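**Q** The sequence shown begins at 282 in my numbering and counts up one residue at a time.
These aren't lab readings, by the way, just hints derived from the structure by calculation. Do not rely on the hints blindly, as some may be mistaken.
[Stated by the list, open to error] No more than 30 Å apart at the CA atoms, straight line, and that leaves these computed lysine-lysine pairs for DSS-like:
| no. | residue 1 | residue 2 |
| --- | --- | --- |
| 1 | K626 | K438 |
| 2 | K490 | K392 |
| 3 | K525 | K566 |
| 4 | K392 | K480 |
| 5 | K438 | K629 |
| 6 | K881 | K566 |
| 7 | K626 | K525 |
| 8 | K525 | K480 |
| 9 | K480 | K781 |
| 10 | K781 | K665 |
| 11 | K414 | K438 |
| 12 | K892 | K547 |
| 13 | K862 | K809 |
| 14 | K862 | K881 |
| 15 | K566 | K648 |
| 16 | K490 | K862 |
| 17 | K820 | K863 |
| 18 | K626 | K566 |
| 19 | K648 | K547 |
| 20 | K490 | K881 |
| 21 | K665 | K566 |
| 22 | K414 | K626 |
| 23 | K665 | K438 |
| 24 | K566 | K803 |
| 25 | K566 | K438 |
| 26 | K566 | K629 |
| 27 | K803 | K892 |
| 28 | K626 | K547 |
| 29 | K496 | K781 |
| 30 | K881 | K629 |
| 31 | K665 | K525 |
| 32 | K803 | K665 |
| 33 | K547 | K881 |
| 34 | K892 | K809 |
| 35 | K496 | K392 |
| 36 | K629 | K525 |
| 37 | K496 | K525 |
| 38 | K547 | K773 |
Predicted model only: the values in this text are computed from it and were never measured.
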Amino acid sequence: MFLNPWKRGFTRLQRRIGFWPRFLNRRLLFILTVLTVINLLLFYFTKFNYEHFTDKTQGRDRRGKSQLISSPSQFPHPWVGTLWRGAVKNANTPSLSLLLSGCQPLDTLPKISPEPSVFPEGFSQMDWSWARKEYTVLLNQTTENVTQSSEEFRAIKTYQNHGVLLPELSNGTHSDNNKFVEVGAKPQPSEELEACYAKEARLPEYNVKIRNVLKGHVGLLQFCDPTDVDYTPSKDFACVAYLKNPANWLALKPMSSILSYGRTIKLLLSFRHGNITAVVKLSQKRFVLEPASETVAFHMDRVLGFRRVPPTAWVEFPVDYIKAAAATLGSFYVRWMETAVFTSKRGKASTSLCQDPRLLNTLGMPKPSCILASVQLWTWDVDKEENSIFGGYLLHERTNGGAHDDKKSTGKNIDEDDEDWIVNCFEGNKSFGSGDEEETRLTVLRELMTRERWDQLAFDAIIANHDRWRGHNTNVVAACAPTLPCYVARAKRVCEQSSKSTPRYIFLDQGSAFYTNGIANKSVFYPKRHPPFCHVNRKTIERLEQVALFAIRMEDARSPIRAEAPLIAAVTNSTIADLEKKHVGIAIYSRLLLPRLPPKIGVVLPHSLIKMACSRVWSILAHRTRCLHTRGRSSLF
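My request is simple: use the sequences and hints to build the entire structure.
**A** Have a look at this one:
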């Protein structure tokens, strides 16, 4: 009875507007319903998975306090639109006294005055201003067209000097509240200073607020130490500031690099203190992303905690300095520089009016131009992996130089034998007994090499760097000995000193990174690789997961990160996984990486490619999950 009024009302509505299916798209209604259900499932699955793991780990033995996620400071605004909702803690910006108790600001410590650079090779006889004018003369001369097959590339002379001397600029010291700090001065070594560096190294550098506080710890110091690869935020701040300051630049010379598939323009920048040098890279045809790739890779390396890339600055470099250096190599090199860099589309976009007033005065023209460039510190005591103490443990040694020759002879992809190689390292460790001291040393060295190599593979997969493999662009530091091939090459590097650090890999030459979107099919981390590369560095994977969790605001100081219990990428192949991968990438990019990046980086490297690199952190975590399903905990080392 009580339904009759509803029926009568519905009948009248039908008569007025017609039959309702005419006005309702059933297919659209079905799609909207399915999408709503998927969103609800994603939310509840994530919430259940996180809470289940938290409850599960609260009762565990809390071994290794260093594995706990530190309670991070929060960003002032929520991440609008995300499906992630975790344990959110309100925290104020940490103070320096809390982060580094007992540590004074570096610029208040006793300092060592810098030594002026003394390069035995000397400098070009050409004055920089005269060389700049000569550039125009050489550009108007008739020369062979610059093509990849040009014979003129072979005629480019290499010389031992450090190029044209650059003009001296003012402002050699900085002042602030009557405080004067000499540029290039380093804090005097002490046990207290090393203890403070150690505290700093344990702090989560991916936390932007902590990093900003540490920037104040540096104060006015500007210095670089090419013998120290124990990188910390304060050392990075001081070195990047030193590299960017044009008052510290002494000389500039071209470095031509002839590759198998192309040729790149690089320059060597020499500095006024301590025989420091750096590599300058520019955007150019065929390698348009190179300087930005180097710079973003440096910041990505620090956010993810690898700390293997030397300090790299993003600099507005005077065009006249570059032209003066190019003129020292003749008309063909000048033509190459002009066509590959200055008249290219990306080169023009990277060029603008110099902003430093000291350059405006020195260059002596109304509107001097500067071009965006990367400047990376040249690290000392660096050798090729195969020539170092690590070389004896390579499964396939390169005897005739070339990874491409090896690839042709074996028919393998460049990363195809990495699984066999790592297994060989493990089996080698097992073969050593508990014998003498030499056996113990070899075991430790072999395990170190295995972990360092795995980290390099993971980092290259994340930044999409396909220009590094064993025998090519794989470098190590502090890993030479008098009986090894690397020691012979040392005789020519008269200005270099031995490293203060322990042996490790060092990631050099990331200029070919960020060009692609996904994980390359030749990478050991490719999802469909057969057989799967199921070896996972536990320490690194736990750190990457911690970074991802912090980025998406799911941190919980009570819950340790365990590599065998995934919180991120627990599901690797579904719509949920695709959404999670996207969210992780956006979170790492927007919350952790973007605040670090220098301005105008997007002029050279599109931010969409940087975001894709951030999402590949999820891909490495998904690789861990697949290996746990395939081989269980035995895949972790």
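**Q** Work down the list of hints and note, for each, if the structure agrees.
**A** Hints versus structure:
1. The hinted pair formed by K626 and K438 meets the criterion: a straight-line CA distance of about 28 Å does not exceed 30 Å.
2. Restraint check for K490 and K392: the C-alpha separation of about 28 Å stays at or below 30 Å, so the hint holds.
3. Taken as a hint, the K525 and K566 pair is honoured in the structure, with Cα atoms around 25 Å apart against an allowance of 30 Å.
4. With a C-alpha separation of about 20 Å, the suggested pair K392 and K480 falls inside the 30 Å cut-off, and the hint holds.
5. Our distance criterion of 30 Å between C-alpha atoms is met by K438 and K629, whose separation comes to about 28 Å.
6. Our distance criterion of 30 Å between C-alpha atoms is met by K881 and K566, whose separation comes to about 19 Å.
7. With a C-alpha separation of about 25 Å, the suggested pair K626 and K525 falls inside the 30 Å cut-off, and the hint holds.
8. Among the hinted pairs, K525 with K480 is consistent with the structure: their alpha-carbon atoms are about 27 Å apart, no more than 30 Å.
9. Taken as a hint, the K480 and K781 pair is honoured in the structure, with Cα atoms around 18 Å apart against an allowance of 30 Å.
10. Of the pairs offered as hints, the one joining K781 and K665 holds, with about 18 Å between alpha carbons and a cut-off of 30 Å not exceeded.
11. Pair hint K414 plus K438 holds up; C-alpha atoms about 21 Å apart against a cutoff of 30 Å.
12. A C-alpha spacing of about 27 Å is found between K892 and K547, which places the hinted pair at or below 30 Å, so the restraint holds.
13. Distance restraint check for K862 and K809: the Cα-Cα separation of roughly 17 Å lies within the 30 Å cut-off, and the hinted pair is therefore satisfied.
14. Distance hint between K862 and K881 is fulfilled; the C-alpha atoms sit about 27 Å from each other, no more than 30 Å.
15. Straight-line distance between C-alpha atoms of K566 and K648 comes to about 26 Å, which keeps the hinted pair within the 30 Å bound.
16. As the CA atoms of K490 and K862 are separated by approximately 25 Å, the hinted pair is consistent with the 30 Å bound.
17. With a CA separation close to 24 Å, the supplied pair K820 and K863 stays within the 30 Å bound.
18. Between the alpha carbons of K626 and K566 the distance comes to roughly 9 Å, so the proposed pair stays at or under 30 Å and holds.
19. Only pairs whose Cα atoms come within 30 Å are accepted, and K648 paired with K547 is accepted, the gap being roughly 25 Å.
20. Proximity of K490 to K881 is assessed by CA-CA distance (about 22 Å); at most 30 Å being required, the pair is judged to hold.
21. Between K665 and K566 the CA atoms are separated by roughly 28 Å; this keeps the pair inside 30 Å, and the hint holds.
22. Taking the CA atoms of K414 and K626, the gap is about 24 Å. The hint holds against a cut of 30 Å.
23. In summary, the hint linking K665 to K438 is supported, as the alpha carbons are separated by about 24 Å, within the 30 Å threshold.
24. Between K566 and K803 the CA atoms are separated by roughly 26 Å; this keeps the pair inside 30 Å, and the hint holds.
25. Proposed proximity of K566 and K438 is supported: the alpha carbons are some 22 Å apart, at most 30 Å.
26. The hinted pair formed by K566 and K629 meets the criterion: a straight-line CA distance of about 12 Å does not exceed 30 Å.
27. A C-alpha spacing of about 22 Å is found between K803 and K892, which places the hinted pair at or below 30 Å, so the restraint holds.
28. Restraint check for K626 and K547: satisfied, since their Cα atoms lie roughly 18 Å apart, inside the 30 Å limit.
29. Between K496 and K781 the alpha-carbon distance is near 24 Å, which keeps this suggested pair within the 30 Å criterion.
30. Taking the CA atoms of K881 and K629, the gap is about 13 Å. The hint holds against a cut of 30 Å.
31. As the CA atoms of K665 and K525 are separated by approximately 28 Å, the hinted pair is consistent with the 30 Å bound.
32. A C-alpha spacing of about 23 Å is found between K803 and K665, which places the hinted pair at or below 30 Å, so the restraint holds.
33. Taking the CA atoms of K547 and K881, the gap is near 21 Å; set against the 30 Å cutoff, the hint holds.
34. Taking the CA atoms of K892 and K809, the gap is near 23 Å; set against the 30 Å cutoff, the hint holds.
35. Restraint check for K496 and K392: satisfied, since their Cα atoms lie roughly 18 Å apart, inside the 30 Å limit.
36. For the hint pairing K629 with K525, the CA-to-CA distance comes to about 21 Å; that is within 30 Å, so the pair holds.
37. Our distance criterion of 30 Å between C-alpha atoms is met by K496 and K525, whose separation comes to about 16 Å.
38. Under the criterion of a C-alpha separation no larger than 30 Å, the hint pairing K547 with K773 is consistent with the structure, at around 21 Å.
The structure meets every hint from the earlier list without exception.
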